[in-house]
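Chemist: From just these sequences and the hints, can you work out the full model?
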Amino acid sequence: MKLSELKKFFVSASSAFVVPVLAVLLGMIVGAVVMIASGYNPLAGYSSLLYGAFGDPYYIGETIRQTTPYILAGLAVAFAFRTGLFNIGVEGQLIVGWLAAVWVGVSFELPKAIHLPLAILAAALAGALWAFIPGILKAYLRVHEVIITIMMNYIALHMTNAIIRSVLSEEGFKSKQVHESASLRSEFLESITYHSSVHYGIIIAIIGAVIMWFLLEKTTKGFELRAVGFNQHASQYAGMNVKANIILSMAISGAFAGIAGAMEGLGTFGNISVKAGFTGVGFDGIAVALIGGNNAFGILLSALLFGALKVGALEMPSSAGVPTELVDIIIALIIFFVASSYVIRLLLSRLKKGAE
Amino acid sequence: MSVYEVLQVIIPSAIFFAAPLIFTALGGVFSERSGVVNIGLEGLMIIGAFVSIVFNLTFADTFGALTPWLALLAAMIVGTIFSLLHAVASISFRADQVVSGVAINFLALGLSLFLVKKMYGKGQTNQIQIGFDKIDVPILSDIPVIGPLFFSNTYVPSYLAIILAFVAWYVIYKTPFGLRLRAVGEHPMAADTMGINVTKMRYIAVMISGALGGIGGAVYATIISRDFSHATISGHGFMALAAMIFGKWHPIGAMGAALFFGLAQSLSIVGKTIPFLKNVPTVYLLIAPYVLTILALAGFIGRAEAPKASGIPYIKGKR
Amino acid sequence: MKKRFGFALSLMLATGMLLSACGGQGGDNAGGKDTFSVAMVTDVGGIDDKSFNQSAWEGLQKFGKDNGMKKGRGGYDYLQSSSDADYATNLNKLVRSDFDVIYGIGYLMGDAVKEVAEQNPKKHFAIVDTVVDEPNVASITFKEHEGSFLVGVVAGLTTKTNKIGFIGGMEIPLIEKFESGFRAGVKAVNPNAKVEVQYAGAFDQADKGKAIASSMYASGIDVIYHAAGGTGNGVFSEAKDLKKKDPNREIWVIGVDKDQAPEGVVKVDGKTYNVTLTSMVKRVDVAVYDVAKRSKEGDFPGGKTLEYGLPENGVGIAPTQDNIKPEVLKAVDEWKQKIIKGEVKVPMTRKEYKQFEASLK
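Residue numbers (the numbering used here), protein chains in the order written: chain A, 1 to 356; chain B, 1 to 319; chain C, 1 to 361.
Warning: the hint list may mix true and false statements.
Unchecked claim - Residues of chain B placed beyond 10 Å of chain C at every Cβ, according to the derived structure: (1) Leu70; (2) Arg180; (3) Arg182; (4) Ser310.
To be verified - Simulated DEER-style distance windows between Cβ atoms: (5) Ala296(B) to Arg249(C): 30 to 40 Å; (6) Asp66(C) to Met119(B): 25 to 35 Å; (7) Ile36(A) to Ile146(B): 53 to 63 Å; (8) Gly68(C) to Asn126(B): 43 to 53 Å.
Bear in mind the hints are in silico, worked out from the structure with no lab data behind them.
Ideal Cβ placement from N, Cα and C applies to all residues, glycine included.
Modeler: Below, the structure written as structure tokens:
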């Protein structure tokens, strides 16, 4: 590469770095203003946020643990988006995946090499099935997937609770613990992180990201799926089976979501309890996917951002006296600014022009 | 209970259940028809609920019976202002509209709960004393058969919601404003070349959705829960979104969808008392409304197309 | 898009490491610790959901005030969870802040408390509404069924239509305690009364609560007992609206967890009515205070299950009794004594209720 080309690359790359960093910083600055206006010390606030996320091995463990389902939920949403579908049903697919994983984990006694993958597979299948229904309705009847998936979320919630109550539990509100052979927990991981709940799921999540990238970018099927997402009519004209691709896409998206549920069931909790409401992971996954630019690597990082914010936020009330609600406000502001990176780029280019 | 008596319970129930959803769904229709996706309906409802309850608690002694109406007005105004955040982010800053909507939801919940704690020292407000009364519509409720079903034991805002749906229909389909709105949502570039200010139209549409979403939340809080806490608005914004899509982005359709949903919910509740269904496990009755909606969509409604330019920021000059 | 975030996050991580290295004001060992301190972790309701989280906090606050403690580390404090993944993290934070007794409020925290307790055998924990079998955990449970029996007595003796309703939130064993005890109380004093039971499926759907109440009141029910949290708001709003429309109609709501008399106030044409017949109060504040007091005195009830029922005033009917007729109050007292003496065994589950019903014949 010529020197001038190299220079150009660095200039564009650095401006590409600067923008999102600026966005996060802007969000934090406005958040600081809100904190000051409410009588809290923003420096104390933010340093406790960072400490609460990364300040010691326990917190790092918790952050990684929190990031794991976010990655998978983000992948689920992004996969659907890339293929032209809006999967707002990740919440429900996650719950049924959780149920399936725990069910397998509780019901059988098998060697770990079989039991664990089997449980995760069950979760993926459950999630895929749950997304298959809206997929097929969209493909054949052109029913909008947003509304079907919203309905499926509620159905999943009630149905899972009923199953836990009647089939899976002795106490009536939570299942037994999954057998050791199906658990993602590890004494080793816990020992190096002062008993955090971190588990091997993070590896699965990262593998999931690689799989999504590979599927979408490196296989013909992935190309087909993306093509259908770009332009259904053109793809049909080119001979692709649009209907089958829509269904496949939703199913794969659901599978990712189901595996996210498996992470919670086999790793974080080791069981499943009745839920009074949605976990929120599915909805957060939407933001994770979009902020991550709908691609696998971006999602890994935006999931980490979210995980860090959520875990770090727990430290703010005790260390800096900032109430948890204020933290939600700050997270919202950061999301706003990160999503508005265009205007930051605009400001930057104006500044650059002014300087010339 | 006879079938008629059962209907006398179900229909008023369905109406008050649907009213907040109708207002909010109509707001969604305006916004999305102009091309701005608005996932933040939940957040707008939360803000509306919060403002109406706080206003009511603060001014009940000053305004007496007029208070709940003024509270609705206050909720509408604040909802409009709050939606500007979404408008600025999505239209001027060209943020991804879905992310902006998600951020609105977080922000609304956090902000409202934070303010409740600051103002009242606890996480839940007191109950309001002056709400909307259950009424029998004069004259109309005396009509045999239909009267007791549709015009008794209901609330005035519920009727407002239904009337508003028709007004919205008229505005969107029969006025020049509505035509411009739809043009901006379907083909902003063409609209722009015709001299329509795309940005201004979209701002107005999003602000309308803020106003209506705020009213929806206010109606819910004033009639149904009578106080505000984190548990007040929980998923209702998303139900309104579903109603909007079910109604194919048409105001009357959205109203019909919300009413359908209210009816399905009431049916499942009354169903428990029918001897025949008494022994059906609760879970089936709990999921019945959602399953019914899916069946209705699959069987009768079918194809639903969002406005063509929905979700895409409009960039002047770009091809 | 990929590279941007890499840089962004490595920046964040670096800053984080730096700040935490300098600031380090995390949660461990700030200042000398020889004062007795207590703290609690709430579940997702938050400390002021007008039900047991708030009650527990009030208990801690009272304890703090009575013992000259300050809010914060070294005194009394709480941490709020926004999702169940936060329970263990919050409990661990309190462990690091060296609180002497750490409470987990709510049955959902059972697993988290068990785990953290196992990891920290020298620390003292308490759990409300379930039992955790560890030597360093005090399990606080309540006899909600006994309290519900008493309000059932009130309902059974007050109803004029002999039709009574029960609205539950989620169908979980805890709420079934309320249901079974209530039905037993009604049946014991009024064999002709029928109790209709319906579950809303959630604790935060006030519109469902209102719809169920509407259906129940329309079918002739005149007393509804709700154990449904935020969903119960809908029950109150329906009762109040009906009362406003027809002040002569006798309809009642029975509240739960706290004295819900304030929720039942309705003004019609200048007259003030109250639709709250009574409430089944659950004195979480008393229990929390009790355990804190015992711990301070060196008698931490580790490994024990403390059941707060009628004798300890852990459950009972609310102090606001304006709407209860004197003879009904007398009956309540008689039944209360019978239960305390053990002459009556109040059912806790639906199965036990069926046996109870059969035994009455």
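Chemist: Each of the hints needs a verdict: does it hold here or not?
Modeler: Status of the hints after comparison with the structure:
Taking the minimum C-beta to C-beta distance to chain C, about 18 Å, the non-interface status of Leu70(B) holds against the 10 Å cut. With a minimum CB-CB distance of about 35 Å to chain C, Arg180(B) clears the 10 Å threshold, and the non-interface call stands. For Arg182(B), the condition that its CB be more than 10 Å from all CB atoms of chain C holds, with the nearest at approximately 32 Å. For Ser310(B), the non-interface assignment is confirmed: its Cβ lies about 23 Å from the closest Cβ of chain C, beyond the 10 Å cut-off.
Take Ala296(B) and Arg249(C): their Cβ atoms lie about 37 Å apart, and the range 30 to 40 Å holds. Take Asp66(C) and Met119(B): their Cβ atoms lie about 28 Å apart, and the range 25 to 35 Å holds. Distance hint check for Ile36(A) and Ile146(B): the Cβ-Cβ separation is about 60 Å, which falls inside the suggested range of 53 to 63 Å. Restraint check, Gly68(C) to Asn126(B): a C-beta distance of roughly 31 Å breaks the suggested window 43 to 53 Å.
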